[in-house]
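Could you build all of it, start to finish, from the sequences and the hints given here?
Chains A and B, in that order, are what the protein sequence lines are.
Mapping of the first sequence onto numbering that gives the first Met the number 0: position 120 corresponds to residue 119, and the numbering continues sequentially without gaps.
Mapping of the second sequence onto numbering that gives the first Met the number 0: position 33 corresponds to residue 32, and the numbering continues sequentially without gaps.
Hints should not be assumed to be uniformly reliable.
Which copy is meant is left open, because identical chains are indistinguishable; a pair holds if it fits in one copy or across any two.
[To be verified] List time: in silico EDC-like cross-link candidates among lysine to aspartate or glutamate, alpha-carbon distance up to 20 Å:
#: 1; residue 1: Lys143; residue 2: Glu37
#: 2; residue 1: Lys143; residue 2: Asp131
#: 3; residue 1: Lys5; residue 2: Glu91
#: 4; residue 1: Lys143; residue 2: Asp118
#: 5; residue 1: Lys5; residue 2: Glu62
In case anyone wonders, no lab produced these hints; they're calculated from the structure.
Each chain is listed here by its residues.
There are 2 protein chains.
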Amino acid sequence: MSDSTKQPPLALVAVDTPPRTKPSNYPEPFFSRMLKREKRPLGDHFGLTNFGVNLTRLFPGGESALLHRHSKQDEFIYILEGRPTLVTDEGEIDLEPGMCAGFPAAGRAHHLVNRTAADVVYIEIGDRSPGDEGSYPADDIQAKMAAPGHWVFTRKDGTPYG
Amino acid sequence: MSDSTKQPPLALVAVDTPPRTKPSNYPEPFFSRMLKREKRPLGDHFGLTNFGVNLTRLFPGGESALLHRHSKQDEFIYILEGRPTLVTDEGEIDLEPGMCAGFPAAGRAHHLVNRTAADVVYIEIGDRSPGDEGSYPADDIQAKMAAPGHWVFTRKDGTPYG
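See the structure below:
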C-alpha cells in the first residue's frame, strides 16, 4: 500500500490482484528462467510484514525458483491447480491440488517445475527472518539479504554479476 | 514429528493428515463454541517453526476463533471451500473460494463464522512472534503467550478461569 493513510481492504479476490511487476530479482542467466512464473503478493495488501503470501502461477515449462534453500526462512506451499513436480536434492514427487509441502530453514533444497501442458497455481508462504541467505546447489549463485527485502546475488566465489 | 530422527515427508495430501486432537485452548464457556471447528496443522509435519499453517474446516454454525486480534502475530486466510462470513470490528463481508484476507498485528479484530448449511474449508497462517498477546473485544477474556506455543487465558481483570 503506497498510501499509508488508506485502510486495507477487508478481503480480496486473490486472482484479481495485480501480479508483481518485476518477474525476478535473479541476475542473468537466471532471470530469464523465471519468465514463465507470475506472482501475486497477497499479504502486502493487508499490511502484513512478518511473512509474505503469494498466489503464484507457473505456465507450462515454468519453475518456481532455482533449486535453493534458505538459511533462516521457512517456506510452505499448497497446490490449488495443476500438477507440478517438486524437485529436491533428496528426490522428487509429482503434486496435485490439495497437496502441500514445507521447507524448513537449512532443510532440503527445493523448487517446483511445471513439466505439464497446463498451468500450475499455488499458494506460497515465506517468513521474513532477518539475516537470511539463499544457497543454490545446482547453480553458480548465492544470495544474502542485505536489508529487509533487499537481496544481493553473487557468484559462489563472491564476485558480482552484471 | 515426535521422532526427531525421522525425515519429514516430501509432500502430503493436506486433508489426509490428522486433525488436532485438542479442539481449543480456550477455557469454558468459550471452549464449547469451538467444537464445530477442525484444524489440521500442516506446517508442523515438515518441521516448520517460524509460522504455522492449518487446513481448517468450519462445520455449519462453526466459528474460527473468538473475535480477536494479536499484538505481535500477523495472520492470513485463503478460502478453499464454502462461504464464511468474515466478521470484524470494522464491518463484515461474505467470502467465497479464492478470496483471501490478512490481519496484521494490532489491526482489526476478526473471526470467521459459518452461517451456511455447508462446510467451510480454508488455509490459515500465523507467525510465532514471541511475546504475543490476544485481545477479545466481544468477550471477557485475554491471552498472553507465557512460553512459545503456550497461552495463558484470564478474565480481563486478570483473574483466572476454571
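These are the hints, each one checked on the structure:
1. Lys143 with Glu37: So Lys143 and Glu37 fail the 20 Å test inside a copy (23 Å) and across (39 Å) alike.
2. Lys143 with Asp131: within (6 Å within a copy, 29 Å between copies)
3. Lys5 with Glu91: between (44 Å within a copy, 18 Å between copies)
4. Lys143 with Asp118: Neither, since 31 Å and 44 Å both go past 20 Å.
5. Lys5 with Glu62: neither (35 Å within a copy, 29 Å between copies)
In terms of the numbered hints stated before, the structure departs from hints 1, 4 and 5, listed from lowest to highest.
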